[in-house]
Structure formats: structure tokens, C-alpha cells
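Trainee: According to my numbering, the sequence shown is numbered sequentially starting from 1.
I should point out that these hints are in silico values taken from the structure, not numbers from a laboratory. Any given hint might turn out to be false.
[Stated by the list, open to error] Keeping only pairs whose Cα atoms sit at most 20 Å apart, straight-line, the calculated EDC-like set for lysine to aspartate or glutamate is:
| no. | residue 1 | residue 2 |
| --- | --- | --- |
| 1 | K902 | E199 |
| 2 | K178 | D298 |
| 3 | K846 | E199 |
| 4 | K654 | E785 |
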Amino acid sequence: MLTETSLSIWGWGSLGIVLSLITFGPFVIFYLAFYILCFVGGGFVVTLLFGKTNSEKYLEQCEHSFLPPTSTGIPKCLEEMKREARTIKIDRRLTGANIIDEPLQQVIQFSLRDYVQYWYYTLSDDESFLLEIRQTLQNALIQFATRSKEIDWQPYFTTRIVDDFGTHLRVFRKAQQKITEKDDQAKGTAEDLVDTFFEVEVEMEKDVCRDLVCTSPKDEEGFLRDLCEVLLYLLLPPGDFQNKIMRYFVREILARGILLPLINQLSDPDYINQYIIWMIRDSNCNYEAFMNIIKLSDNIGELEAVRDKAAEELQYLRSLDTVGDDINTIKNQINSLLFVKKVCDSRIQRLQSGKEINTVKLAANFGKLCTVPLDSILVDNVALQFFMDYMQQTGGQAHLFFWMTVEGYRVTAQQQLEVLLSRQKDGKHQTNQTKGLLRAAAVGIYEQYLSEKASPRVTVDDYLVAKLADTLNHEDPTPEIFDDIQRKVYELMLRDERFYPSFRQNALYVRMLAELDMLKDPSFRGSDDGDGESFNGSPTGSINLSLDDLSNVSSDDSVQLHAYISDTVYADYDPYAVAGVCNDHGKTYALYAITVHRRSLNSEEMWKTYRRYSDFHDFHMRITEQFENLSSILKLPGKKTFNNMDRDFLEKRKKDLNAYLQLLLTPEMMKASPALAHYVYDFLENKAYSKGKGDFARKVPPLIPKTDSDPEHCRVSAQLDDTVDDNIPLRVMLLLMDEVFDLKERNQWLRRNIKNLLQQLIRATYGDTINRKIVDHVDWMTSPEQVADLVKRFRDAFWPNGILAETVPCRDKAIRMRTRVAGKTKLLSIMPDELKHIIGAETTRKGILRVFEMFQHNQLNRRMVYVFLEGFLETLFPQYKFRELFNKLHSRSKQIQKYKQKLQTTQAPSLQKR
1 MLTETSLSIW
11 GWGSLGIVLS
21 LITFGPFVIF
31 YLAFYILCFV
41 GGGFVVTLLF
51 GKTNSEKYLE
61 QCEHSFLPPT
71 STGIPKCLEE
81 MKREARTIKI
91 DRRLTGANII
101 DEPLQQVIQF
111 SLRDYVQYWY
121 YTLSDDESFL
131 LEIRQTLQNA
141 LIQFATRSKE
151 IDWQPYFTTR
161 IVDDFGTHLR
171 VFRKAQQKIT
181 EKDDQAKGTA
191 EDLVDTFFEV
201 EVEMEKDVCR
211 DLVCTSPKDE
221 EGFLRDLCEV
231 LLYLLLPPGD
241 FQNKIMRYFV
251 REILARGILL
261 PLINQLSDPD
271 YINQYIIWMI
281 RDSNCNYEAF
291 MNIIKLSDNI
301 GELEAVRDKA
311 AEELQYLRSL
321 DTVGDDINTI
331 KNQINSLLFV
341 KKVCDSRIQR
351 LQSGKEINTV
361 KLAANFGKLC
371 TVPLDSILVD
381 NVALQFFMDY
391 MQQTGGQAHL
401 FFWMTVEGYR
411 VTAQQQLEVL
421 LSRQKDGKHQ
431 TNQTKGLLRA
441 AAVGIYEQYL
451 SEKASPRVTV
461 DDYLVAKLAD
471 TLNHEDPTPE
481 IFDDIQRKVY
491 ELMLRDERFY
501 PSFRQNALYV
511 RMLAELDMLK
521 DPSFRGSDDG
531 DGESFNGSPT
541 GSINLSLDDL
551 SNVSSDDSVQ
561 LHAYISDTVY
571 ADYDPYAVAG
581 VCNDHGKTYA
591 LYAITVHRRS
601 LNSEEMWKTY
611 RRYSDFHDFH
621 MRITEQFENL
631 SSILKLPGKK
641 TFNNMDRDFL
651 EKRKKDLNAY
661 LQLLLTPEMM
671 KASPALAHYV
681 YDFLENKAYS
691 KGKGDFARKV
701 PPLIPKTDSD
711 PEHCRVSAQL
721 DDTVDDNIPL
731 RVMLLLMDEV
741 FDLKERNQWL
751 RRNIKNLLQQ
761 LIRATYGDTI
771 NRKIVDHVDW
781 MTSPEQVADL
791 VKRFRDAFWP
801 NGILAETVPC
811 RDKAIRMRTR
821 VAGKTKLLSI
831 MPDELKHIIG
841 AETTRKGILR
851 VFEMFQHNQL
861 NRRMVYVFLE
871 GFLETLFPQY
881 KFRELFNKLH
891 SRSKQIQKYK
901 QKLQTTQAPS
911 LQKR
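Put together the whole structure using the sequences plus the hints.
Mentor: Here it is in C-alpha cells:
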């Protein structure tokens, strides 16, 4: 049944298809499919439209019945976004001076263009954000300019900068001394010097050390970010500062875009060397200075750079085809270059071999050194100071001081008599007064050096002394009244084996020749052979080493020190004063002459040094505070307020002080406190004693015991003489000369002469208006014209022709080394001969090269830049505690932590005893 039904369906279906094809043709299938598709599509469209209309009506009904009301902020925000951005007006006035505002605006524009715009435009075209940053920068600059106008910059430029530079130089000098005191075989590297420098810095500054900022780039960037954020807090309005995004952008621009590149440039040794050469570009290089630099250089890189350049020039000159007169010129140049090349090779060979100067052989050849006559020594300031030191060691200082005092008396008497004669011609009469003054001066010299009461007494023939006494009693004094005795004293110093003849065999004589620039190397002057580096048979490849070695004394256990007070020098005598008058601000005092003997296995030394009772008292306070066990053992003689210049009292005090010294120098005392030897040696050295206590501290017992610091480990501003504080140029020049040339280690007679000479020079050049001129110069430096010029230089350096400067490629090492040699040569060439005559050629050379060497370390230069920056900000914002801020920023230094641990270790025993 099913089969029949299916067959009928297929039959009728096939019949329908056939009839359709016969009736409608072969396209009937396509028509049918099209009709079906249209039917289905039309139904879908009708359903969609009907459903959408009904859904909207339903949702509208639900909205009013179930959903909360829509916020009005969103439509308003959308409305504001659709509107056009309103233009932000920026006031281009910054400082109130158009000549400054114009380049400053260009700097701001260039900074935004090169540090922000180049990436910001890839994110958005909206310029309102850029304008807001610009407005923020301008607000900061306006506040900065306003604050700068309220500050008196004169103390900063004349005091703070000089003190900071002098302190930096002192730290460097102390670091060099520490390096040289280490084992000679282990030569200190640049890294050792940098580490030692920051060790000394924390010893001097106590609570701050900048080693992390100067040696770690990561810590340096963090320090600058923190500093810029503090500055923005002080300079920006509160609303702008609270905008973190804006604040971070401005902070990064200031820290990484401006300050860090500027610090990198200022601390680059090669940049500093080029700047030095540019500053003294008008002076010609001196051949002698150049050869001195080559012969004294201990940097193999410098010598190799000069040698390679000389070889290159030799190759070029030999390739030239010249005839006639040019041939002689070329030959001379070739010979000079060959000489320089051989000197460099010889010096390199000596440095690589590690050969040191044989000071024994140098001392054995003293007799072959240049001879300086005694009369030349007595009239030369540099030579006289060495002869004076030697005469003090041998106990003949009275003869030398007598000769110098008589010379001063003769000049003064001649001047006074000439003035008296001219006034008599003019009808003015002051004869008795002038003659009375001369008689008093002559009698004073007689009493001080020749009378039986004189101590020490000049030993001359008795009949000459008696003749002089008779002349003083019966005749008017003349300039020539002491000539006979002075001639005898001169003959004594010249002939006596204790004085001038022995001086020529002493190490001080060699040092004197070096200071007079008379230690020349004949092999460098007389031949082209650079292999022989000797002076009259003794090697002098490095005169600095030889001279320093001659003065070194071993400090091991074999050294024995003995001292006793040999004489009491009364109130009117000063061994360091030419006039022989010891008067300190109207106060008279007595000096105690201490004879010191130091014996070691290979040598024996003797010298005299002079100390006041106040020096003893200061020394006693220092050692009893440092070594508490001494306070119960050592007893210093007490003070006396009245009649303390009585001879009987002084003799008794002399005996008591002698007993004090003998007890102090006993071997048992030294072994009980090994560190005590350093303080004793410092006290007994033949130099002016530097008191560690003030007058008030010496008179009043300390309420809280605390350790005393070495004056050399203090800032230089704490060491200044109050008498020169009111004279700005004298103060600056004395401070710099003290630190550059290390004059405080020399005798006070030389330093007093230098001070007097500088005063005369300043008065002769500028008169009494020098302070006013310096203040005017500082005002000129901070004037709008000069500030505008500095801003323009900054702009042109970072954006030459309006384009960001590319990173300057590091110059070749050989070029940098030759620049160093050229810089040192320039500095030595401009040193005036007058300065060498005052303090000595060797001291001048060492001082200049020390300053130059200080600038050859990038980390140390960074430290100096940051010190100047900190001083600038402390001056600009005195009402804020910037010093405490910097201490906190530098508190992570490892050197500070080591120093605090060291202090705790040293203080622990004393705390346990308490």
C-alpha cells in the first residue's frame, strides 16, 4: 500500500514538472526560487519593524516606571567637548627685564619642543596640556626671579664660594697626603684617591658626604629629582604643585633635561682643561714650562701622547722637500722634536721600571750643588726662610735675627734722618723727638741681643759691645752705629762650621735650591741624549720625590724623642718677627725655647721651637680630653693673673714646664697611650702651633667633654684671621694662597711677609676703595645685562641655531692627554716671577699642579659643583632649612655610616668607664 502511494506521488510530481517545463519554459525553477525568497524576506522585514516599534513603546513605559533619573553632568561634559577649545593667554613677562625674558622664553620653547612635543603629538593634537606645562614653568621662573632680587649676593660670591673652593682643595690635599703616607710600593690609583677624598670629606664635614651622588648615576638622578621636587614646592602655586602629572613632567625636564646635562659638562675634566686653555689663550706657551711638565709628569698616558705627536710631526717634516734657508729651520725643528721624544721615552721607561730616586746618592753629592752666597741668601725672602729654619735648629737664630733687626734699623734711621733734614730746611724743628725715638730703638736692640741680660745673647768681642754702649750713652745714634758688630756677626755666620758651611750640607739647602729653581738637569739642557737623567751624578728624575724623601722621618719604635726648655724669651722678643717685638693686640707675653732631639737608627736631628704658656695649656686640654687617663697623671703649672711677667715667676714656671715635658716623654707614658705620640710630635714641631681651643675655652673648663678636631680637618672658613675679614680681597687672596701653596706649613715669618706684601699691593693698586669696587663688581655680575648674557650662552650651548645640540662624542684619549699637558704648561707659563720670588719656584709649581690635578677627576668635580649648588640654594632660601634637607638627602652614604661606627667604637671605652 505504501509503495503504491509513493509511486503515485512521484508520478504526479513528475507529470507536474513536465507540464510546467512545457508550459513556462526551462526558467521556471529560477522564478519559483525567486518568489519563495521574496516571500520569506518580506515576512522577516514586517516582523522586524513591528517588533522594534512595540519594543520602543515598551521600554519608554518601563523607563518612567523603573530606572533612576539621568545625571546632568554627562550631558554638560559632552556639550563642553563638542565646543571649540578656548585659547589660553600666557603672559610672556618673567623677570621684569625684556633682555632676560626673551632668551628665557626661547629656552622654555626649545625645552618643550625637544622633550615633550615630539612624543605628545603622537598621542593627542590638543595643545592645552602643553600650554599648562609652559604656564607652570613660567610661574616657577617668576617666583625664582622675584626671590633672587631680594637677596644680597655679595657674601655668596666673596665669601661662600671662596670658602667652599678652599675647603674642597684642602680635602684634596689631605687625601693626597693620606695616599702618599700609605705603602710606597702600592701606588695609589685614581679610584683610591677618590675613595680617600670622600673619607676625608666626612671627617671634615662630620654629618654629610656626597660620595653616592658623585659616583652613582642612579643615586645622582634620584637626588636631582628630589631636589627639583622641593624647588617646585617652593616656587609653584599650590594648585599646580598638587597636579602630579604636571609636576612630574616639569621635574623630569628640570632634572634630566637641564640640570644633569649641565652638571655633566661642568664636571668633565676635558671640558675644564679646554676652558683653562681658552681663558689664557693670549699667553704664549713657555718652552721651559713645557719641558718641566714633561720631566715631572707621572702619567704615562700624557707622555705617550706627546711622544706619538712628536713622532708624527717628525715624519711630516722629514717628508718635506726644502732647499735654501728653510733646510736649517727644518733641521732645528727635527732636533727639537727628537729631544722631546727621547725625554718622553726616558721618563716612560723610568715610570714603568718603578725606579725611585736614590736620595742617599743625592745627599752624597751636596758638595757639587750650586753655591748660593750667604749675602744672597740674606736678601732673598725664599732663601732666607730656609736659612732661618736651619739657624733655629742649630741654636744660632739670635745671630740671624740680630743681623736682620739691624738691617731694618738702618733703613728706618736713614729714612727718619732724611725726613728730619728736609723739615729743618723748611724751618720745622722736631730734632729731639726723632733722635729720642732712634735712641730708644737702638737701646732696645742692644738690650735684646748684646747686653748681659739678653737671652739668647749674641756672642761677639767684648770691646765692640763696650764701644757700642759708650756710643749710645754719649752720642746721638746714627744709621751706622751697629755696623762693626753686624759685620762681625756676618763673618761668624759665614765662617763658623755650625752655621753657613753646615747649612750647605743640610737637606734644607737642597730644598732651598729647588725653591730658587736652581736644581737644573744638565742632561736635558746640554745634549739630545734623553737617557741620562742626572744632576751632577745624582738622579733627579722626579725632584718632587727626592725633596719629599729628604724630609721624611721614620715613625717606628726605634725613634727616640727628647725635649727640654733651654731658654725663656721675654716679652719683647719674637723669633718670627723681623723687628723683634712680640706684641699681640697690645698684650705682651713670654716664649719658651724648647730644644728637641730626635734620634733614630740612621739619623739624629735637633731643632728649637717656641711655645707660649697658652700653647702648653691648649695642648694639655687637647690630650687630657683625648686620653682621660692622663688627667690624673699630668699636672700643668697653674696660671697667674698678676705679675706673670716677673722673671722669678717665669723661671719657676720654666722648671715646672720642664718637669711636665719630661714626664710626658717618658717611654712608659708613650707606651701606655700609643696615639699620644702624634699629638706630641705636632706640638714640638718647628712651626707655629695651631691652637685647637679658643681663648674662652682655655679659660673655662669644658662642661661636656668632647674630642678636639685637627684644624686641618675643618672648613677653611673656620681658620680665617679676624683682622682681615673686613678686607675682602686680602681675605680671599690669603685664603687661596694658604690652600693652594700650603703656606700654613711654612714658618710664620714668611706668611707675615706675604700678608704685608699683599696689603701693600692692594693699597697701591686700588687704595681704600677696593671693597667698594668688589661690591660694585658683584652688582654688575648680577645685573640684567650679565644675567641675560649667561642665559644666551646657555641657550646657544644647548640649542645652537635653535636646534638641540647632539651629544658631543668623547674625544680621543691621546688628544685629551695632550690637552692636559697644554693646560698645565699654560698655567705654569702665566705664573709671575714675583710670586716665585716670594714663596719659591718649587712651592709655586707644586701648588699650581695640585690645583690642576684636582680638576682631573670627574667625581671630585661633581662634588664641587654640588657644593656650589647647595650654597646657592641656601643663600636663595635662607628661611628654609636647606642644610638639614641636604644632610638627609646624603644620609645614605656608606662613608657616613663608617664614620659613625668609628665614632661609636672610639667613644665606647669612655662611656663604659663612666
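Trainee: Does each hint hold? Answer for all of them.
Mentor: Verification of the hints:
A C-alpha spacing of about 12 Å is found between K902 and E199, which places the hinted pair at or below 20 Å, so the restraint holds. Note on K178 and D298: the hinted pairing holds, with a Cα-Cα distance of about 18 Å set against a maximum of 20 Å. Only pairs whose Cα atoms come within 20 Å are accepted, and K846 paired with E199 is rejected, the gap being roughly 23 Å. Using a Cα cut-off of 20 Å, the hinted pair K654 and E785 is violated, with the two alpha carbons roughly 66 Å apart.
Of the hints listed earlier, those the structure fails to meet are numbers 3, 4, in rising order.
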